[in-house]
Amino acid sequence: MIIGAGMGLCAPLGWAMGDPPSSLYALLVAGGLTMAVGLGMRIAVRRVVAELTRRDGFVVVALGWLSVSAFGALPYLLSGVIRTPAAALFESVSGFTTTGASVLSDLEHLPRGILFWRSLTHFFGGMGVLVLCVAVLPLLGTGGMQIFRAEVTGPLKNRLTPRIASTAKLLWSLYVGLISVEAVLLRLGGLSWFDAWCHSVATVATGGFSTRTDSLAAFPSPFVQIVVTFFMLISGVNFSLHYLWLRGAWGAHVRSSEFRVFLSTWALVCLAAVLWVSFAHGLAEGMGRTAREVVFQVTSLMTTTGFVITDYDRWPNGLRLTLMLLVAVGGCAGSTSGGMKMVRIVVALKVVFREIRRAVLPSSVMQIKVDGEPVADDLLAGIVAVVLMYITIAMVAGAAMTAFTPNIETAISSVITTLSGCGPGLGAVGPMLTYAGIPAAGQLILCACMLLGRLEFFTLLVLFLPRFWRR
Amino acid sequence: MGHQLFSGAMAAEREAGVPCLVGAHPSGRVISRGYRFAGAPAALQTFPPPPPSLNNSRRLGASLRGGHWRVSVDNMPIGAHVAPAMKAIIVGAGNVGGNLARKLCEERYDVVLVDVALSAVEKAGERLDILTIPGNGADPRTLLKAGIEEADLLAAVTARDEVNILSCVCARAAGVRHKVARLANAAMLSGRLDLHLGDLGVDFAVSPNQECAREILGLIRLPGAVEIVGLFEGRAAAAGLRVSSESPLLRTTLKNFPDTEFLRRLRFIALRRGDHILTPTGDTQLMIGDEVYLAGPTDALPTYADVMMPDRPQIKKVIVSGGGNLGFALARQLEASDLETVVLEADEETAEACSGGLRRALVVRSDGVSSDALREVGVDEHTAFVATTDDDEMNIISCLLAEKSGASLTIAQVIKPEYVPVIESLSLLDRVVSTHLSVVNAVLRFVRGRNVRSMAQLQTVPGELIEVVIREDMPWAGKAIRDLRMPKGTIIACTERAGEVRVPTGDLVIQPGDRLAIYALPEMISRLHSVLKA
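The listed protein sequences correspond, in order, to chains A and B. Position 201 of the first sequence, counted from 1, bears residue number 201 in this note's numbering, the numbering being contiguous throughout. Throughout, this note's numbering is defined as the position within the second sequence, counted from one, plus 471.
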C-alpha cells in the first residue's frame, strides 16, 4: 500500500516529465511512456488514503527519486545520444540531483531538445521534485509535511508558513523568480534566450549542466561571469533567508550565523586562492581577469554548482585539496546546493570543542547554540551522524572507485563531487573532462552517491533497514 | 457572594444564539444574556464600562453593551472564516490545544501552535499541517515569532489561567481580532475589584468545568440520550437516543411506522450501529442498541424519547463522585434544579471546601469506588451517577460499580481520548464527557460564530450541526428545498421561521430570514460553505 502510494505520486511527475516542449520524437515517446505508467499507477492505487506517516514520507520521496531518475534516462537512450543504460542513468541522476557531472561531450552538436531536457532535470531537482508536487497538488494535506521533511535539505526544516503547501509554494516561486531574473540578466549579457535559460537554471539549481562543451568559458564576457558568480552565491544560501529579506527583514542574512560563516569562508578562500594562483602562475593574463576567474571557480565549487571557467586542476596541490574540501562542505542548509552544509560543520565543530573542554573540565556544561537558540540533543546527534555518514561513504565508495579509475585522486574526488552534487572533480574527472571514461559499474556507484548526497542519506538509507519494512 | 461571569458557550448558544459572556447567578441559573441586551438590572452593574482606551475594541470586533462584553455579530461575510488568509495562534499544545489545532486546521485556518514543552509541540507538529513554535505563550517574543501581528485569532488554552490571560493581553496589544482564553478558575471571572476580562483582552472565556457541567446536566435531564444539542435558542433540539428493547420502532421499518404524526415532527439525521455510521432511510430497520440522531422541535423531544426508550429512567437523584473543580461546578448547577444531589469526596479539605460552597447538597467523605458509601447514600433506579475526578480509570470503575449497585444512568469524565472508543465498543458507560472536549467545542462555536455558526460538534457520530441564517443575496433564498443542490453528507435538520420550528419537506420554499440547522459530515463543511456562498 505504501509503495502504491509512492508510485501513485509518480503520476504527476510523469506529467511533469512528459511536458518538455521539444520537437524530439524520443522525448515524446519517453514522456508518453512515463505518463502512461504514472497514470496506470494512479488508477491502480486510486483508493489509497493520502494520510502519510513519517515512514510513508521517506518511501514516497526515495521511490519517487529512484523512478524519476529511471524515467529521466529514457530520453537520452531513445534519442541515441547516450548508448549505454548506465551512462544514461548517470546523466539523468546527475541532472535531477543537480550535480552536473556529464558523460556527454561535444554539446554543441547535440539536439536542442536533449539539452533542454538536461536543464529541465536541473529545474525540477533543484528545489525538489516532490516539494513541487506538495506545492501544486492539493491532494496531500498532512502528507506533504512528511515529504517536505524527507526531501528538503539541512538539519532544521524551518517552515515559513503554517501550511506546508504554501511554504513549498513560496520556496518554488522564489526559486523560479531567481531563475527568471538571472535569465534576463544573461540575455542582456549577450546570450541567446535558450542559453540564458539553461544557464540560469543550472546556476540557481546549483546544477552545472551547460549548453557548451567549454561550460561557462564559452562566454568570456566579464558581465556574464559576475552575474553567474553572484547568483551561484545567492543560491548557496538558505532560501528562507531570502524570503525573510524580501518580506522586509533586511538583517535576516546578517543575523544568521550560518550565512556569516559561509560568506566569510567564501571571502577568505577567494582571497587566498587569488593570491596563491597569482604567485604560482604569474599574472600573465592580468590581475583582473585572474581574480575574476578564480573567484568564479571557487564560488562554483563551494556552492556545488560545478560550472567551469578555467582548468583548476592545474592549480597548486594545496589549493586543489582545499577546493575539494569546500565541495564536501557545500553551501547553507535550505539552499539548492549540496554537501554536508555549513551549519552542520559549524555544529559538529562546536561539539568537538565541547568535548575538548569537557576532557579538561568534566563538569562543565556547554549548551550548543545556533543563532542563539540551543540545539536539542537528538538534533545534534542527527547532525553529527550526517557528517560521519558523509565521511564514511566518501571513504568506502572512494575505495570502491579505485577499481574503475586510473588513480586515487580521481577516485576520491569523483565520490566527493558526486556526493555533494558538484560535478567536476580532479584528475580523470577533472574540469576539462567527462565521466564517459568511467566503466558502467563505476557510474552506478556514483549514481548512488549522487542520490544519497541529495537526499542526505537517511531518506534513502532507511529503505535498507529491515525493520522499516516490517509492519 | 458576587456574581460570576463564566463562558456561556453552550447555554448562551442555546438561549441567545451568540457566543458571549454571560452573567450567572452562583446557582448556575443564567440570569442575563449578552445578546441584544438592552438594560442591565442593577445587580449586574458590578461590571463598569470599560476605560476609554478600550474604545478601540470596536475595531477588535467586540463592543460593550450593558456592562457585558459581547462580540458583534454583524457585517461579517458568510463563510468568511474559510477564507484562506485566516490565521490562528493556539497557545498550549496539550489535549485541548492539540484537538483545537486539528479542528481549525480542517477548517482551513493557518494554525500556529505554541507551547513551552518542546516535545508537546513536536508531537503535534508531526501529526498536523501546522507551524509549531516552542516557547512561552505569554512571552511577547514568542508570540511575535509565531506571527501574532497577522493573526486573526488567538486561543490561549493552556492549563494555567495566568498564562492564558497574559497571552490575551499580548494579543490585544498586537491587535488580534478574536482572543479566547481557557479560564478554569471561576473566581478569576468574577467582577470584583472592578476588573473584568475585557480589560485583559479576553473576548471570550471558556471555563472547562462550567462548560462540561452544563453538558452533564443536559444529559441528566433527558436520561438515555447519548447526546443532546439545542438548536435555535433551545426551540429545537437534536438528540442522540439509544433504542431500547421496548421501542415500538423495532418491529417495523421507519416507512411503515404507524404513527405518521410522530415521523412528521422529526427528522432522522444519522444512525450509529456499533462502529458504523449509517444514514437512515425509509427502509431502515432499527435494532436494539442503535443510537439514533433525531432533530425536531424541543417540545417533541420527550416524545421521541418515549418512542425510542419507553422504559427510560426518571432521574431524581444525582451522585457526583469527586468534589473537585468539575464536581463542584456540577453540584452547584444541580442544586439549582430540583434534583437531589450527593457529592462523594475522599479528601477532607476538598470535601469541606465543597460543602462550604454548596447549600443543599449532601457531601459525603468517601471515594466513588466504595460500595458501602453507595449503599449509605442510597442508589436506586432513579439515580444518576457522575464520576468527575481527574483519574480516568477511577471514574470508569466507579461508574461500573454504581451501575452494579443499581444506578440507571452513569456518566464518567474521561480525559484520555484513547479510552473513549474502548468504552463505547464495550458499552461500559452510558456517556463519557471530558472537560477538554467541552473547551474545544466551546472555542469552535465561538470561532464559527457568524452568519454560519456551528451549534455543535456531535461527539459520538462524526458530524456537526451548523446553523445558517438565510440572507437575500444567498443563492438558496427563494428556492424550494427539493431544488437545492445539497452536498452529499449534508441534511437540513430543521428550519425556523418567525420563531416557529419545523421539520421541512421538499416543498418548503426558503425565504430570507429563515434559519436552517444543517447536519454535515466534517469533510463536507467547507463544501457546504462554498455552496451557500456561490
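FYI, nobody ran anything at the bench for these hints, they're computed from the structure. The model shown is predicted, which means the values in this text are computed figures rather than measured ones. One thing to keep in mind: the hints can contain errors.
Claimed, not checked - Facing chain A, according to a computed beta carbon distance under 7 Å, are these residues of chain B, among others:
{"hint": "1", "residue": "577"}
{"hint": "2", "residue": "578"}
{"hint": "3", "residue": "582"}
{"hint": "4", "residue": "583"}
{"hint": "5", "residue": "601"}
{"hint": "6", "residue": "604"}
Even glycine gets a Cβ: it sits at the ideal position worked out from N, Cα and C.
Comparing the hints with the structure gives:
The closest approach between the C-beta of residue 577/B and any C-beta of chain A is roughly 10 Å, which is over the 7 Å cut-off, so the hint fails. Among the interface hints, the one on residue 578/B is violated; its C-beta lies about 13 Å from the nearest C-beta in chain A, farther than the 7 Å criterion. Restraint check, residue 582/B versus chain A: the minimum CB separation of about 5 Å is within 7 Å; hint holds. Evaluation of the residue 583/B hint against chain A yields a held restraint, the C-beta minimum of about 5 Å falling below 7 Å.
For residue 601/B, the suggested interface contact is upheld, since its CB lies about 5 Å from the closest CB of chain A, less than 7 Å. Because the beta carbon of residue 604/B sits about 10 Å from the nearest beta carbon in chain A, more than 7 Å, this interface hint is broken.
In terms of the numbered hints stated before, the structure departs from hints 1, 2 and 6, listed from lowest to highest.
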